[in-house]
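Asks: These are the residues of each chain, in order.
Protein chains: 2
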Amino acid sequence: MSDYRAPLKEMQFLVEQAVAATGVQQIEELADFDMETVAAVLEAAGEFANRGLAPLNTVGDEQGCSFADGKVTTPEGWKAAYDQFCLDGWMGLALPMDFGGQQLPKFIAQPVNEMWHSANLSFVMFHALVQGCSEILLKFGTEEQKARYIEKMISGEWTAAMSLTEPSAGSDLGELKTKAIPQDNGQYLIKGQKIYISYGEHDLAENKIHFVLARTPDAPEGSRGISLFAVPAYRINEDGSLGEFNDVLCTGIEHKTGLHGSPTCSISYGDNDSCYGELIGSENKGLAAMFILMNEARLSVGLQGVALGELAYQKAAEYALERTQGAHYETKERRVPIVQHPDVARLLLTIKSQVFAQRGLGYLVAALVDKSEHCQDEAEKAVLEARIALLTPIFKAFSTEQSNLMAGSAIQVFGGMGFVEETGVAQVMRDARITTIYEGTTGIQAKDLLFRKIMADKGVALESLLAEIEETATKLKADADLASLGGNLGGAIYAVRGIGAQMAKSSNLLQLNAGGVAMLEALGFLTSAWQLGESALRAQAALAAGDDPKFNGNILAMAKFHDAHLLPQLHARLSTFSQAAAGIADYSFDD
Amino acid sequence: MSDYRAPLKEMQFLVEQAVAATGVQQIEELADFDMETVAAVLEAAGEFANRGLAPLNTVGDEQGCSFADGKVTTPEGWKAAYDQFCLDGWMGLALPMDFGGQQLPKFIAQPVNEMWHSANLSFVMFHALVQGCSEILLKFGTEEQKARYIEKMISGEWTAAMSLTEPSAGSDLGELKTKAIPQDNGQYLIKGQKIYISYGEHDLAENKIHFVLARTPDAPEGSRGISLFAVPAYRINEDGSLGEFNDVLCTGIEHKTGLHGSPTCSISYGDNDSCYGELIGSENKGLAAMFILMNEARLSVGLQGVALGELAYQKAAEYALERTQGAHYETKERRVPIVQHPDVARLLLTIKSQVFAQRGLGYLVAALVDKSEHCQDEAEKAVLEARIALLTPIFKAFSTEQSNLMAGSAIQVFGGMGFVEETGVAQVMRDARITTIYEGTTGIQAKDLLFRKIMADKGVALESLLAEIEETATKLKADADLASLGGNLGGAIYAVRGIGAQMAKSSNLLQLNAGGVAMLEALGFLTSAWQLGESALRAQAALAAGDDPKFNGNILAMAKFHDAHLLPQLHARLSTFSQAAAGIADYSFDD
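Quick mapping for you: the protein sequence lines, in order, are chains A and B.
The first sequence begins at 1 in my numbering and counts up one residue at a time.
The second sequence begins at 592 in my numbering and counts up one residue at a time.
Keep in mind the hints are simulated off the structure, nothing from the lab.
Even glycine gets a Cβ: it sits at the ideal position worked out from N, Cα and C.
Keep in mind that the hints are not guaranteed to be accurate.
Derived pair list, reagent style BS3-like, types lysine-lysine, alpha-carbon separation capped at 30 Å [to be verified]:
no., chain 1, residue 1, chain 2, residue 2
1, A, K177, B, K923
2, A, K505, B, K923
3, B, K1141, B, K1066
4, A, K332, B, K876
5, B, K1096, A, K332
6, A, K285, A, K177
7, B, K1049, A, K332
8, B, K923, A, K285
9, A, K146, A, K332
Some, not all, of what chain B presents toward chain A, calculated at C-beta under 10 Å [as the list claims (entries may be wrong)]:
no., residue
10, M688
11, F690
12, D763
13, E845
14, T855
15, S859
16, L912
17, Q1018
18, D1177
19, S1179
Construct the complete structure from the given sequences, taking the supplied hints into account.
Replies: Set out below in structure tokens:
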């Protein structure tokens, strides 16, 4: 069984789709990043993902991290891969040149990140942390803070950790208890216990900068009283060199069902009252700063769904092409490759078409972020930000929920072999299991979507999206071969609008809360069908020009498959949404 | 976190439902098995499941089995539990008294088996093997063979193993290559390699009787040339005592993602040309004999889906009642138990309502088997057998597919804690993963359902089922509170009939094969709604009599929840079935 190979052709096709939809390459600052540049970057990243990272994925799963005396040891080969990753400049790919980064736009960084996630998600988790924490510093840090941290994180000498969760403060960060007491020198004494800190301790870099949420003594209760601090594991001298131990102690790592190679640490800050941190941004504004990272992280986790789906697909498709078993459903020929059994093909296309659709959505959002960051027009920027805000929870939750189903379908293709660890496909299932939970569970994404992204603006952002999807439906209807896809997409929009109108008038909080995930999934199927519809239109045009019949034919086949096998679920989800309160209030759980 | 507790009240409610639906207690031979007896047996079994088996479930997962020098060692405490299990008479619960069994009907054995599966599935797997292989012997064995094997298996001195799969013969048993060469003394020399043999080797009993599928020298090709042999690991002397080693060598065990406590063995028969077995039944009729066991096993695996769903529910519900986090959706009270969040309640009820529905179906099928076994009227027996044959693949595949989703939902309730192994809920996910694969994958169940159970008899058995479900719908419609459930159930029947009529005329083998699982799932949702509808009617009557408002109110709530949250998916699945070929033939997988 071979390791991951980056699907360069499909990635480029969908980068082009996102670029065409947003016009992001017409922005002056981004004009250099043409498709040739994209191709060159993706090829180099693909090479490193395939050869440098993918072979370590099984090693990480089998060995896991080990913990002793406050120190974490990562699996064999990880330190060398880390050094190479940094040396090749991948750490700062989308960070400013001023600090040693490559300053590439997100629409190129996104497919690169997807490759890292497919090749070895446990390993590369430090990268999203450095990227996200650097962006916090770029937005909220002082010039000194930027200078102090970002360059060393890009070079890989130091890494970043995101320190939010406490035993009693998970989804509800307002409950957190870690204290930050101001000192005369402007620093803060930090004291508290945090859990679930990815890469909070490890042996890849000499220092770790913990971005810690904590409360100052007079802070208001709840989420309005949270501040953000940079807390290095080892203090930093004036000249940037490492100082003394900063009383940041790793007390253990979790024994998880997946992501064994990624250390999930419990950290004790200030056991000996000598842990110091510096404030990032203003007091009590920590959650706003953390939301920069959180939105970034949500898009990253959505992309993990795509990446793990791709990995599951590659493993299952390779097996299905090689394994012979059973008779052909029509010719009755014996011992055919199992890919020829329609139900196996169905499982593979269920994965493949969803991966393709979610990838399209993920790349689109990345291009929208680039566009919004360079947008000078306030009104246009607000529209772009609303669109990004609307799509983020859909992408995060739907892509990851689907990736769990995809991993299951891939195991199913393997049959009994899929239950045996040596194929690696069971690892995908185990690794994927966290993606619907971390950075906000599916339930939390649904609440965000329904209340903050749809109802708060009275459906304006949703209607603007629906209108754009309608344009795709109209184009599909004009193509004889794709007209039924257009009809079904139009029908889906009509159904969503109908429920949206109901929703606007609803004050049934039980129904809205219990139905949120159903609504989110309905919009997940809708946006998937939209992205595949766009791809089908482009593939159809390419076919008319005689371009790559196999590749473009496959895209049409995926769009038609999705329309028949996935899109119908939209209507079931909407039907559930409209009656979601049924039975819930009447049930007594305490039996 | 407490271990499993058997849900006695719900089990009894659904045994009563199955008994009422089939009239099985009116059969003379079964008249003694009244509800008082049921309650007594379930209570005793529940006690042993809770105290004797459940605490070993985590031990089994953590320690797993170990293998060295052809021998398998089971986890700590398993041998003592095995001895107790046999001593208490559980092994022969549903086997004849003539051989030391208790001869209980299946409608009582079924909930007992469910308890074993919930409490410790890895452990108890030997039991279904003894039960199934004994039934083969009862039907196809000679009197000597019955006498030789069954009593010792019921006493626990020996166990049974089912030896089918070979590396190149998994789903397609016709490909198997193991040889059986007749000897002068009436025995057969066995030679071949088998894999995936559950409990093929272990340290719980002194001998293991392998029921091996193999080919005699002149056997026809394919599945018509397969014979069944009883092959003991140690030869059996005339007086029943153990003889020499029979050249049955365990060469290794699999490293699986779940069911760590159950040894999955590779077995080499006749490495030294001294492995002998005796024929069971006639030459070349092995598959027919094995199907006895297979049907039994399919019902058992379907029940595993129920059992693991119940375990997942118990863990998640307990956590959701204890864990406080976040504000109440309406009152805004802080730090409420998370069960009060509607989306958490939705996750729990998704599990609970499906467990209840699948349990109802599983118990019903067990009662139908009892009825059919005691039926003297040929025509009635044929109808009963057709009903069982129709429901078996639906129950096996749908219940297990749902159990995978349920385990995922339970993890979701735990949030980050669910990804950490210590809660035990991740183990449920890992254990459940095999249930959609072994004893015939979901795809194979769907093919069986569509071609052999529906199309081969031109839909007669299906229509007979639909007519019975229609009676439930009619009764529901007559109850003001449940009328909308009746309407939706009626609508579902109408939709299935419509598609069934299309199907009868279809010769599109690609569509039928690619859509089989969608059709099976549609019938899964239909039969679930039917069972919950029946339960709701009975609960409504009990409420009218003032009986246990909480318990019966919960049943009504589950039925209403299922109607809103699960049943709508039936229509999506049927829509997919009717266009299932879309895109499949046009996609090239070899890219």
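Asks: Any CB of chain A closer than 10 Å to the CB of D763 (chain B)?
Replies: The hint holds - D763 (chain B) has a Cβ within 10 Å of chain A, the shortest such distance being about 4 Å.
Asks: Does the CB of Q1018 (chain B) sit less than 10 Å away from some CB of chain A?
Replies: Holds, because the Cβ-Cβ distance from Q1018 (chain B) to chain A comes to roughly 8 Å (cut-off 10 Å).
Asks: Is K1096 (chain B) close enough to K332 (chain A), meaning Cα to Cα at most 30 Å?
Replies: With a Cα-Cα distance of about 21 Å, the restraint between K1096 (chain B) and K332 (chain A) holds, given a limit of 30 Å.
Asks: When the nearest CB of chain A is found for S1179 (chain B), is that gap smaller than 10 Å?
Replies: holds, 5 Å
Asks: K285 (chain A) and K177 (chain A) were given as a pair; does the straight-line alpha-carbon distance stay at or below 30 Å?
Replies: holds, 16 Å
Asks: Answer holds if the nearest beta-carbon of chain A is closer than 10 Å to that of F690 (chain B); otherwise answer violated.
Replies: Not OK, violated: F690 (chain B) not within 10 Å of chain A, min 32 Å.
Asks: Are K1141 (chain B) and K1066 (chain B) close enough, with their CA atoms no more than 30 Å apart?
Replies: holds, 23 Å
Asks: Could you grab the alpha-carbon distance between K923 (chain B) and K285 (chain A) and see if it respects the 30 Å cut-off?
Replies: holds, 23 Å
Asks: Given the hinted pair K1049 (chain B) and K332 (chain A), is their Cα-Cα distance within 30 Å?
Replies: holds, 22 Å
Asks: Minimum Cβ distance from S859 (chain B) to chain A below 10 Å?
Replies: Since chain A brings no Cβ nearer than about 18 Å to S859 (chain B), farther than 10 Å, the hint is violated.
Asks: Next item in the hint list is E845 (chain B). Is there a CB on chain A closer than 10 Å to its CB?
Replies: Holds - the Cβ of E845 (chain B) comes within 10 Å of chain A, reaching about 5 Å at its closest.
Asks: Sort out whether K332 (chain A) lies within 30 Å of K146 (chain A), counting only the CA atoms.
Replies: violated, 67 Å
Violation of the numbered hints given earlier is confined to hints 9, 10, 11 and 15; the remaining hints are satisfied by the structure.
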